[in-house]
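Student: Both chains are sitting in their own frames, so use the hints and assemble them into the complex.
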Amino acid sequence: GDSVTQMEGPVTLSEEAFLTINCTYTATGYPSLFWYVQYPGEGLQLLLKATKADDKGSNKGFEATYRKETTSFHLEKGSVQVSDSAVYFCARVNTGNQFYFGTGTSLTVIP
Amino acid sequence: DVKVTQSSRYLVKRTGEKVFLECVQDMDHENMFWYRQDPGLGLRLIYFSYDVKMKEKGDIPEGYSVSREKKERFSLILESASTNQTSMYLCASHPAGRGSHHTGELFFGEGSRLTVL
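Chains as they are written, first to last, in this note's numbering: chain F, 1 to 111; chain A, 1 to 117.
Okay, chain A solo, but in the shape it has when bound (with noise of 0.2 Å):
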């Protein structure tokens, strides 16, 4: 069975902390993603990755960075937390390379939920 982990389900954290979000994947996929969820918004892409060592901005990565130094490992990190941070983030792979069209579905993590207070 294909597995997408997130490494904390639930986290609390005060306001200037540096949070690190964990997401393995064993699927060896090449293509992995970082999302938030809030209600009434949807998903919003954050970060994606299409290889080790690349990393490309999705459509709202202010406050945000990320690290992939491993394929199957794809950190999202809050250098600084803030309030408007707080939020569903969910992981998600893919199997197709850059430069490569694949019709295949997004495996996603079970979700990591962040409170900033």
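Isolated chain F (complex conformation) (with noise of 0.2 Å):
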């Protein structure tokens, strides 16, 4: 069926480092992919979107490419700062407007 699969955390990394989050999924047809945000003591937030093949999702200094040929999203950051620690999910959608949500990556970035 359909699902999304995203690398395990946790993830420590250095103010100023690069960061990856793998995220890979299963579907039929071609769902849109969405990246959340949950920083401490609140709720989800979209961080960035894309909903066809070749698309770049942009915000806040991270990025993520629509890849079919490889049915990815990985999310990247050229240069993390100690305010991008969260959790971060990646989720996609299908057209049931039903959302499939990965695990979760916890970040944190340490001055």
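Among the clues, some could well be false.
[Said to hold, decoys possible] Just some of the chain F residues that point at chain A, by a computed CB distance under 8 Å: (1) Phe34; (2) Pro40; (3) Leu44; (4) Gln45; (5) Lys49; (6) Ala53; (7) Phe101; (8) Thr103.
Note that these hints are calculated values from the structure, not bench results. Note that the structure is a prediction, hence the values are computed from the model and not measured. Note that CB positions come from ideal geometry on N, CA and C, so glycine has one too.
Tutor: Pasting the structure below:
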């Protein structure tokens, strides 16, 4: 069935390090793909999205490219900050408007 | 600004109690969802609703029920709370109705952390 798999955490990085969080999906058709972020004590909020193959979503220095050939949507940031410490969720939506989420990857950035 | 409001941020209940978690959205969205979030398991869908008085089971509906009497309000009910229902509960809404596909995002509330003793 439809699913999303993202890399296990937790991830700890030093400030200004490069970040990659892997995400792959299984699906029929071409689902829209999302990255959500959850800061401590808060609900989830949309970080970026891509609605079709080869689209690149970007926001706050984060990027992810919808790769149909590898069914992937990896999240990247060139230089992380302490304020990026959060839990990151990869997600996809099917044609029935049901969202499927990965298990989340906790990121801690240390000064 | 869009807003999904969950009535209680933190609740502590005893085993066997009836628990109501309320969620209100001000965006006139058709779809509303209840998820629970647990460490290592991510978000799991409990119930969702496409419209007023409509509800559908998600992946883990056992032990829960829902009510959607008005479009803006979607309530999650634990008829008899148990310790394994201790969790973070997240409400979300989405603009598309049943039968239409929308590529937009889910809007989340801040969550309700329930502890059942």
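Student: Return the numbers of the hints above that this structure violates; sort them in rising order.
Tutor: Checked against the structure, the hints that fail are numbers 2 and 6, while the rest are satisfied.
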